[in-house]
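**Student:** Chain by chain, the residues:
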Amino acid sequence: MPVSLDLNNLDRKILNNDQAIYPELGQIALKKLKELGIPDKKHEHWRYTDISEPIQLLEKSLSPNNQKSSKKKTDRNHNPGNIDAYWLNISDIDFGKNKIIEIEGYSVQIKCLNEEQAIKELKINDPLGCLNALLTQKIIKITIPEDSVIEAPIGISCVEPTYSHKYCSNFRFIIDIKKNSKVSFISFYESNSNESHFSNIVMQINLAKNTETEYLKIQNLSETHNLIDRSIIDLGTDSQINYTTVDIGSKLSRTDVEVNLNNEKSSAVINGVYLCEKNQHIDNHIWSNHISQSTSSTQNFYGIIGEKGHCVFNGKALIKENALETEANQYNHNILLDDSASVDTKPELEIYNDSVKCSHGCTIGQLDEDAIFYMKSRGIDSKTAKSMLISAFVKNILSKINIETSREYLDELISSKLERL
Amino acid sequence: MLNIKNIHTSINETKILNGLSLEISPGEVHAIMGPNGSGKSTLAKVLAGQDDCEVTEGEIQYKGENLLDLSIEERSREGIFVGFQYPVEIPGLNNSQFLRASINAKRKHKEEEEMSAVDFLKLARETIEKLEIPQTFLNRGVNEGFSGGEKKRNEIFQMTMLNPEIAILDETDSGLDIDALKIVAKGVNEFKSESKAIILITHYQRLLDYIEPDYVHVLSNGKIIESGDKSLAQRLEQTGYKDDGE
Numbered sequence: 001m002p003v004s005l006d007l008n009n010l011d012r013k014i015l016n017n018d019q020a021i022y023p024e025l026g027q028i029a030l031k032k033l034k035e036l037g038i039p040d041k042k043h044e045h046w047r048y049t050d051i052s053e054p055i056q057l058l059e060k061s062l063s064p065n066n067q068k069s070s071k072k073k074t075d076r077n078h079n080p081g082n083i084d085a086y087w088l089n090i091s092d093i094d095f096g097k098n099k100i101i102e103i104e105g106y107s108v109q110i111k112c113l114n115e116e117q118a119i120k121e122l123k124i125n126d127p128l129g130c131l132n133a134l135l136t137q138k139i140i141k142i143t144i145p146e147d148s149v150i151e152a153p154i155g156i157s158c159v160e161p162t163y164s165h166k167y168c169s170n171f172r173f174i175i176d177i178k179k180n181s182k183v184s185f186i187s188f189y190e191s192n193s194n195e196s197h198f199s200n201i202v203m204q205i206n207l208a209k210n211t212e213t214e215y216l217k218i219q220n221l222s223e224t225h226n227l228i229d230r231s232i233i234d235l236g237t238d239s240q241i242n243y244t245t246v247d248i249g250s251k252l253s254r255t256d257v258e259v260n261l262n263n264e265k266s267s268a269v270i271n272g273v274y275l276c277e278k279n280q281h282i283d284n285h286i287w288s289n290h291i292s293q294s295t296s297s298t299q300n301f302y303g304i305i306g307e308k309g310h311c312v313f314n315g316k317a318l319i320k321e322n323a324l325e326t327e328a329n330q331y332n333h334n335i336l337l338d339d340s341a342s343v344d345t346k347p348e349l350e351i352y353n354d355s356v357k358c359s360h361g362c363t364i365g366q367l368d369e370d371a372i373f374y375m376k377s378r379g380i381d382s383k384t385a386k387s388m389l390i391s392a393f394v395k396n397i398l399s400k401i402n403i404e405t406s407r408e409y410l411d412e413l414i415s416s417k418l419e420r421l
Numbered sequence: 422m423l424n425i426k427n428i429h430t431s432i433n434e435t436k437i438l439n440g441l442s443l444e445i446s447p448g449e450v451h452a453i454m455g456p457n458g459s460g461k462s463t464l465a466k467v468l469a470g471q472d473d474c475e476v477t478e479g480e481i482q483y484k485g486e487n488l489l490d491l492s493i494e495e496r497s498r499e500g501i502f503v504g505f506q507y508p509v510e511i512p513g514l515n516n517s518q519f520l521r522a523s524i525n526a527k528r529k530h531k532e533e534e535e536m537s538a539v540d541f542l543k544l545a546r547e548t549i550e551k552l553e554i555p556q557t558f559l560n561r562g563v564n565e566g567f568s569g570g571e572k573k574r575n576e577i578f579q580m581t582m583l584n585p586e587i588a589i590l591d592e593t594d595s596g597l598d599i600d601a602l603k604i605v606a607k608g609v610n611e612f613k614s615e616s617k618a619i620i621l622i623t624h625y626q627r628l629l630d631y632i633e634p635d636y637v638h639v640l641s642n643g644k645i646i647e648s649g650d651k652s653l654a655q656r657l658e659q660t661g662y663k664d665d666g667e
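Quick note, the sequences are listed as chains R and F, same order.
If you count by our numbering, then the first sequence holds residues 1 to 421, one letter each, in order.
If you count by our numbering, then the second sequence holds residues 422 to 667, one letter each, in order.
These are computed hints drawn from the structure, not numbers from a lab.
Careful: at least some of the hints might be erroneous.
[To be verified] Which bits of chain R does chain F cover? Going by a derived footprint, with three or more residues having C-beta under 8 angstroms, they are:
1. 371–384
2. 389–400
[Unchecked claim] Estimated spans, in silico, between C-beta atoms of each pair:
3. Leu36(R) - Leu542(F): 50 to 60 angstroms
4. Asn98(R) - Glu535(F): 49 to 59 angstroms
5. Asn180(R) - Asp472(F): 53 to 63 angstroms
6. Leu542(F) - Ser415(R): 14 to 24 angstroms
7. Leu489(F) - Lys42(R): 55 to 65 angstroms
8. Ser568(F) - Glu121(R): 29 to 39 angstroms
9. Glu307(R) - Glu475(F): 25 to 35 angstroms
10. Lys531(F) - Gln366(R): 29 to 39 angstroms
11. Asn487(F) - Glu412(R): 35 to 45 angstroms
12. Ser648(F) - Glu419(R): 48 to 58 angstroms
13. Arg546(F) - Asp370(R): 51 to 61 angstroms
14. Glu480(F) - Gln366(R): 53 to 63 angstroms
A virtual CB, placed ideally from N, CA and C, is assigned to each residue, including glycine.
Chain R on its own, in the form it takes in the complex (with noise of 0.2 angstroms):
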């Protein structure tokens, strides 16, 4: 299906009536979306991924009768999955409004962004980026001090739909972390309805100097639900982000992350786990930009692909004249279960000075019949070897996350899942 959106209309439907929340930075993420075009299978990046469903929601989503239609406040208390963590509201803070809440000792400011502030913070650098700015309702700026070390996650709620145009919504958040600060975030994505939905997410995280940041993304959306979400990380001087992505639920989705590695000694660990069951579309696209020297990136991203199951993975690193002694790797595993799943895996370096220490590589197959016999023979049945197998094969991942608290509930999606793929 061709992906089409009449930007004009966009144009007259948003920036000239007053529904607009921030009409300037519409203006100037219109204009770079006209320059850059809704992208669609010819773009190398969009090439195995169809957005015409959640470009169709978005527009749906702009009919008058659907403004503002669905407002609801997010649950004050709510906790996803029983996880232990600061999690915040962002519901109650209003537009151009600010909230200083104290998480063990450290004063963490929660901010919405006014106009002004917004056009000087975005980064918008691609058109679902432009949309998201153009269409955004809220932009939410979470600073944490200097020097604070927090040793509870503090969590981001992202229940679809909320407090939300019905169809389709746009968020950003800034997590700004000053230098010598350690925390750990979890982001957490679920569906509170089985109506057809596209959220459109842009994180933007910025580690200062001697930063250490632990990153976990949880999403367990609906089946009727798209989601793009994009992850723009910009590391300072010694600085290091070890960022998790755990896609289980949702129609469609797709996860870019960019990782900016501006500073000296600034490292990235982008790991990733995708269990994809029927009729579902999961898409990684992970770019590490080697800018400066002595920097270091892996990427690591496993799946389990079910029947009629489709992923995606596209990981680069790109390293430029100045990057001198870099490392970068990238490693992509998937096990297909049936004949029908299939996966799309890249995995690419792009280099330009003579002193990096690259690996790349990708697999894909199936579970090991060896593994299966083996534990049959220890009295073990199919059914029970085939999921234990799996786990193992994930927890290659699950086991770098740093975060305590989402264990056990990481654990018991992951079992539930399994029972369904």
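Based on the hints, put chain F in the right spot on chain R.
**Tutor:** Quick look at chain F alone, frame taken from chain R:
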């Protein structure tokens, strides 16, 4: 206990076992020796139930039942243990998780209560100590990165934990240095009892210096050509497999 009658098998249409018969009673230790390609490992595979071993003729009775009617997992749950020559590595799945699932599958089959994690760990730690295996074994992936000797010791560890009625050990001595061989032999000797039977499949006589067999059988071209007591193994060590047909 186990009665193998005139078994013929083929793997990918190549005939391997060619009229093998063997009767084993509780309390007995049988050693099966023979040159490479004589069908020793195939016998272990047939007893384990490996799919690619097709039994074209003959029957196997186990505790009065037709063994060939039982699935691979049912055989294990009914008390058959096969220690493999080349145990597979299962990265990421830890030994204790694997073994506890295995023990509980057997218990469930016998309509017994599942073994708790605490009881399992206690038993595993005691067993592992006896076999002089490091405690870290339990948390490592099943055979993941194990040396040949460690894999074989792990088979003996599993055998001891599962406490089967009959153990078929396929070349458990191959690739072991003398110290490891003694440990493995100690494990097997401790397992030995009046109610249990053991089949040792081996290429060399040296294992039989540590585990004394009641019967020694020579396998050649897929059938037993000679049977005797321990002295047969000693004779073979001196003269070699003369009539091996290779």
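**Student:** All hints are to be evaluated individually against the structure, with a verdict given for each.
**Tutor:** Each hint, compared with the structure:
{"no.": "1", "hint": "371–384", "result": "holds (count 12)"}
{"no.": "2", "hint": "389–400", "result": "holds (count 6)"}
{"no.": "3", "hint": "Leu36(R) - Leu542(F): 50 to 60 angstroms", "result": "holds (58 angstroms)"}
{"no.": "4", "hint": "Asn98(R) - Glu535(F): 49 to 59 angstroms", "result": "holds (54 angstroms)"}
{"no.": "5", "hint": "Asn180(R) - Asp472(F): 53 to 63 angstroms", "result": "holds (60 angstroms)"}
{"no.": "6", "hint": "Leu542(F) - Ser415(R): 14 to 24 angstroms", "result": "holds (22 angstroms)"}
{"no.": "7", "hint": "Leu489(F) - Lys42(R): 55 to 65 angstroms", "result": "holds (59 angstroms)"}
{"no.": "8", "hint": "Ser568(F) - Glu121(R): 29 to 39 angstroms", "result": "violated (56 angstroms)"}
{"no.": "9", "hint": "Glu307(R) - Glu475(F): 25 to 35 angstroms", "result": "holds (30 angstroms)"}
{"no.": "10", "hint": "Lys531(F) - Gln366(R): 29 to 39 angstroms", "result": "holds (33 angstroms)"}
{"no.": "11", "hint": "Asn487(F) - Glu412(R): 35 to 45 angstroms", "result": "holds (42 angstroms)"}
{"no.": "12", "hint": "Ser648(F) - Glu419(R): 48 to 58 angstroms", "result": "holds (51 angstroms)"}
{"no.": "13", "hint": "Arg546(F) - Asp370(R): 51 to 61 angstroms", "result": "violated (29 angstroms)"}
{"no.": "14", "hint": "Glu480(F) - Gln366(R): 53 to 63 angstroms", "result": "violated (34 angstroms)"}
Violation of the numbered hints given earlier is confined to hints 8, 13 and 14; the remaining hints are satisfied by the structure.
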